[in-house]
Amino acid sequence: MTTGRKAKWMGAAVVLAAALMLVGPPATLAQEDVGDLKEQMKLLQEQMKQLHEKIENIEENEEEIDELADRVSKTEMHTATDKVSFSIDFRNRVDSIHYSDIRMAPDQFIDAFFMPVAQGGFNGATGQQVQDMMGSMQQNDMIPDAEKRDADNDKAFTTKLHLDMKARVNNHLDFGGRLAVYKVWGDSTGVKFNNGSLGDVTLDGNTTSLPHGDTVRLERAYFNLHGDVGPVPMNFSLGRRPSTNGPPLEFRNFSLEGGSPVAHIINWQFDGASLNFGLEDVTGIPGAAFKLCYGVGFEGEWGNSFSLSANPRVDDVDLLGFIATLYDNGLYSAVFNYAHASGISDGFTGLTVMPFIVSKDDAGRYNFSPNQGGFISRLEPSTELGDWDAATLLLRANTYELFEKDIDFFLSGAWSHTDPDRISENPFYELLGQGLLSSNGDLESHDGYSIYAGARFPMPFDGKLGLEYNWGSQYWFNFTGAEDSLVGSKLAVRGSVYESYYIQPIFGRNFFVKLGGQYYDYRYTGSGNPLGEPVDIDDVTALDSLNAVIDDVWVGYVSATLRF
36 MTTGRKAKWM GAAVVLAAAL MLVGPPATLA QEDVGDLKEQ MKLLQEQMKQ
86 LHEKIENIEE NEEEIDELAD RVSKTEMHTA TDKVSFSIDF RNRVDSIHYS
136 DIRMAPDQFI DAFFMPVAQG GFNGATGQQV QDMMGSMQQN DMIPDAEKRD
186 ADNDKAFTTK LHLDMKARVN NHLDFGGRLA VYKVWGDSTG VKFNNGSLGD
236 VTLDGNTTSL PHGDTVRLER AYFNLHGDVG PVPMNFSLGR RPSTNGPPLE
286 FRNFSLEGGS PVAHIINWQF DGASLNFGLE DVTGIPGAAF KLCYGVGFEG
336 EWGNSFSLSA NPRVDDVDLL GFIATLYDNG LYSAVFNYAH ASGISDGFTG
386 LTVMPFIVSK DDAGRYNFSP NQGGFISRLE PSTELGDWDA ATLLLRANTY
436 ELFEKDIDFF LSGAWSHTDP DRISENPFYE LLGQGLLSSN GDLESHDGYS
486 IYAGARFPMP FDGKLGLEYN WGSQYWFNFT GAEDSLVGSK LAVRGSVYES
536 YYIQPIFGRN FFVKLGGQYY DYRYTGSGNP LGEPVDIDDV TALDSLNAVI
586 DDVWVGYVSA TLRF
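The working numbering puts the first residue of the sequence shown at 36, with every later residue one more than the last.
Check each hint, because a few of them may be wrong.
[Unchecked claim] Capping the alpha-carbon separation at 27 Å, the derived lysine-lysine pairs in DSS-like fashion look like this: (1) Lys499 - Lys549; (2) Lys227 - Lys201; (3) Lys326 - Lys201; (4) Lys190 - Lys499; (5) Lys195 - Lys549; (6) Lys190 - Lys218; (7) Lys440 - Lys549; (8) Lys499 - Lys440; (9) Lys201 - Lys118; (10) Lys499 - Lys195; (11) Lys183 - Lys201; (12) Lys227 - Lys440; (13) Lys549 - Lys190.
Derived by calculation from the structure, the hints in this document are not laboratory data.
When you get a sec, could you build the whole thing from the sequences and use the hints?
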């Protein structure tokens, strides 16, 4: 309360007291009048006390008002000066990984590739000579079986940090972004030794989704331009897409949906655009929406050895598709996702350490040299292999409305189709006659299938118990190389994967721990790789296992996640 206002109230009280005294009786009043005067003085004191209490209440209220005004001013100042809001997702995790029956070609067979052709090896041989020698070895049953070995990594610690950014420019325009770091403890090289997996290559699609050192990288950056066209809300978005950790991975991640493509067919970082139509009002179907999607998987005319050629060997790889939300009322949902890629290349630009280098000279001779110095190679594609299509239908349900139990279920069925039109011109793949899911020059179209199912149950102390299973057929192929795994994408597996996990919140979703286990049971070779005919692992020979072929993997993990 201000000093002037307080003085005003006190002055009013003094004037009131003085007025009462002035109208009071003179000193010569009778005794009974003196009693009346005492009563009046007592009443005056009571009135003064009540007035004083009112003054104190007014002072307290004014202090609260002043404090509230100060807080509002600070909030307004915060809003006016801080254009972007930030949030943190910080996770530390330890994995215990155990490989059983890894198939590898015997050292003697691999050494033959570095032996000169004059000494019975493959080094310096033409393609025809190599094919003749391979054919003769197969006819005479001279190609050895793959050797089996086990490998264990008892503890692999990782740290992952996401710095998310959001900004609302006005009622029709906002921004979203994410900077990320993901590293293995004790390693910040950012480049891995290549064991034959796309995950061994540091490329545009996985830079922040797999461990690549302590470098801060851009995972997402896009704007949303939105408004209503008649009864239809529309949203146009452009930039580096929120295309990782899509549904239904929110259950195992204990989070909201992390991206828009269904993770069963696409979990991959890419740049592009989307146009979304909200159809709930015009159809009367809860949550109905339709989104058109475009992405660039590879840029051919920039930064490559053939970029300035009149006819580049590999053009851009573009992805097109749509996402249709058929129904979503918050408890039950159905989402259909379709994607198409034209001219899939035999790889992407990226960095890795190759075990050996294969080259082809002008005379058509193949030369093999071991990478004894561990030199880093910049890879680039050499051939457009063909087209790829995929589709999935995802169903999700929560049973609280039925049983008053917060149980989540999901089921996703997926299909893929590959249509090859040529074999790779990369010297190594060319030597083996490999194309899009094909080998030995046999270019055939194939369909692949996959199932992904799971459930999450409420447990004491707000815990969550999750069970998941997925299966992929021989020719199943998706783009999920950005799935967060030290082993490889489980949703790309040609075979089966079983997983269980337990999530225990400590401070709600702000801090929780997770304990889980996975069992990978690979049935066919090349999971997640578009090159080469998938071979039954039980029938793998040395020729099929020049790179390591994974059979069974057991994984146990514990993580602690902080979000604010």
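Checked hints:
At roughly 9 Å between alpha-carbon atoms, Lys499 and Lys549 fall within 27 Å of each other, so this suggested pair holds. Distance hint between Lys227 and Lys201 is unfulfilled; the C-alpha atoms sit about 33 Å from each other, more than 27 Å. Taking the CA atoms of Lys326 and Lys201, the gap is about 22 Å. The hint holds against a cut of 27 Å. Among the hinted pairs, Lys190 with Lys499 is consistent with the structure: their alpha-carbon atoms are about 25 Å apart, no more than 27 Å.
The hinted pair formed by Lys195 and Lys549 meets the criterion: a straight-line CA distance of about 15 Å does not exceed 27 Å. At roughly 14 Å between alpha-carbon atoms, Lys190 and Lys218 fall within 27 Å of each other, so this suggested pair holds. Of the pairs offered as hints, the one joining Lys440 and Lys549 holds, with about 21 Å between alpha carbons and a cut-off of 27 Å not exceeded. Of the pairs offered as hints, the one joining Lys499 and Lys440 holds, with about 12 Å between alpha carbons and a cut-off of 27 Å not exceeded.
For a cut-off of 27 Å, the pair hint linking Lys201 to Lys118 stands: about 9 Å separates their Cα positions. With a C-alpha separation of about 22 Å, the suggested pairing of Lys499 with Lys195 holds against the 27 Å cut-off. Restraint check for Lys183 and Lys201: the C-alpha separation of about 50 Å exceeds 27 Å, so the hint is violated. Simply put, Lys227 and Lys440 have alpha-carbon atoms about 45 Å apart, too far for the 27 Å limit, and the pair is violated.
The suggested pairing of Lys549 with Lys190 holds, with an alpha-carbon distance near 16 Å, which does not exceed 27 Å.
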